[in-house]
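So you can see what is in the structure, the chains are spelled out below.
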Amino acid sequence: MIAVISELAERIRAAFPLATVDVDPPLHDRGTYHIDVRLGDRLIVVEWSQRFGIGVSLVIDAALDGGPDFRLANADGAFRIVKLLLSEAQDAAFGRELGNWTAEAAEAIDYEDLAVTERERRAPRRKAA
Amino acid sequence: MYVTAHRIRTPLLVEGINAYLYAHGGHVWQVPPEPEVEPGELVNSLLTVEAVGGNQVRSFLDIVAPDGTWWSELRPRLMQFVGSMRRNRFPWRGVVDGCLFRLGMDQQLTRAWQQELAHLYRACEMVHHPA
Chain A
1 MIAVISELAE RIRAAFPLAT VDVDPPLHDR GTYHIDVRLG DRLIVVEWSQ RFGIGVSLVI
61 DAALDGGPDF RLANADGAFR IVKLLLSEAQ DAAFGRELGN WTAEAAEAID YEDLAVTERE
121 RRAPRRKAA
Chain B
1001 MYVTAHRIRT PLLVEGINAY LYAHGGHVWQ VPPEPEVEPG ELVNSLLTVE AVGGNQVRSF
1061 LDIVAPDGTW WSELRPRLMQ FVGSMRRNRF PWRGVVDGCL FRLGMDQQLT RAWQQELAHL
1121 YRACEMVHHP A
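Listed in order, the protein sequences are those of chains A and B. In terms of my numbering, the first sequence opens at residue 1 and continues consecutively. In terms of my numbering, the second sequence opens at residue 1001 and continues consecutively.
What the hints contain is simulated information worked out from the structure, not anything from laboratory work. Bear in mind that the values here come from a model prediction, so they are computed numbers and not experimental data. Ideal Cβ positions, reconstructed from N, Cα and C, are used throughout, including at glycine. There could be a bad hint or two in this list.
Calculated Cβ distances over 12 Å to all of chain B for the following chain A residues [claimed, not checked]: (1) Glu7; (2) Val23; (3) Asp24; (4) Pro26; (5) Arg80; (6) Gln90; (7) Thr102.
Distance ranges between label pairs, derived from CB positions [to be verified]: (8) B:His1129 with A:Ala14: 43 to 51 Å; (9) B:Val1037 with A:His28: 54 to 62 Å; (10) A:Gly40 with B:Gln1108: 50 to 58 Å; (11) B:Glu1034 with A:Trp101: 40 to 48 Å; (12) B:Gln1108 with A:Thr32: 53 to 61 Å.
Starting from the given sequences, assemble the full structure and let the hints guide the process.
So, in structure tokens, the structure goes:
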């Protein structure tokens, strides 16, 4: 897995040469590897462990860390999420345009993307639980 | 076109964002069609989770607009849509200048809805780059 981590770090460096990419190995074999990716004021952490697989988080406040924001099945998925989060950082105005007011969900909602089972030829249809 | 992004969670708890772009071709409409009725033809996808189908959708952003609409045209309409939903609870749905927008997310994601919308919007942008 060390190779996967180092290859993922290299892919991120190649795609975002201005980003600082640091690989932080675990203290013991069964520990968690981390890749810290910094671009501007944005910090993204990729973590991998034998037990939990690959996680990716946008770190807003380390004190509020509640586990990874995204859990991916493989390094390709992790790379695409990192790319999304880093490229999003280049458009900081978007968040400002939205404002900082609070919103609410009407209820605990649950959707299923049933239609994409049909090889994604139809719109992902959602079904309320 | 119909461009959509979802944050999905699989039964094995893999979680990521997938986005899809559908084209309506030469079909001209006065009122934007509902994606469930007429999604168009799938022309591009961005998959961070490859196990598609039957997953839990935790959040979604749907945009229906004429094919080839630029993001510089869509974005102010999206902002107008968001502003008009200020007093509404998710899920949101609205039409602005002939473009249909739908946005929903679960209660946990709602706490940071701006951040979640930014993720979904960026995923939509990445899957749809008008030439």
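Cross-check of the supplied hints:
{"no.": "1", "hint": "Glu7", "in the structure": "holds, 17 Å"}
{"no.": "2", "hint": "Val23", "in the structure": "holds, 21 Å"}
{"no.": "3", "hint": "Asp24", "in the structure": "holds, 23 Å"}
{"no.": "4", "hint": "Pro26", "in the structure": "holds, 22 Å"}
{"no.": "5", "hint": "Arg80", "in the structure": "violated, 5 Å"}
{"no.": "6", "hint": "Gln90", "in the structure": "violated, 10 Å"}
{"no.": "7", "hint": "Thr102", "in the structure": "violated, 8 Å"}
{"no.": "8", "hint": "B:His1129 with A:Ala14: 43 to 51 Å", "in the structure": "violated, 20 Å"}
{"no.": "9", "hint": "B:Val1037 with A:His28: 54 to 62 Å", "in the structure": "holds, 56 Å"}
{"no.": "10", "hint": "A:Gly40 with B:Gln1108: 50 to 58 Å", "in the structure": "violated, 27 Å"}
{"no.": "11", "hint": "B:Glu1034 with A:Trp101: 40 to 48 Å", "in the structure": "violated, 28 Å"}
{"no.": "12", "hint": "B:Gln1108 with A:Thr32: 53 to 61 Å", "in the structure": "violated, 23 Å"}
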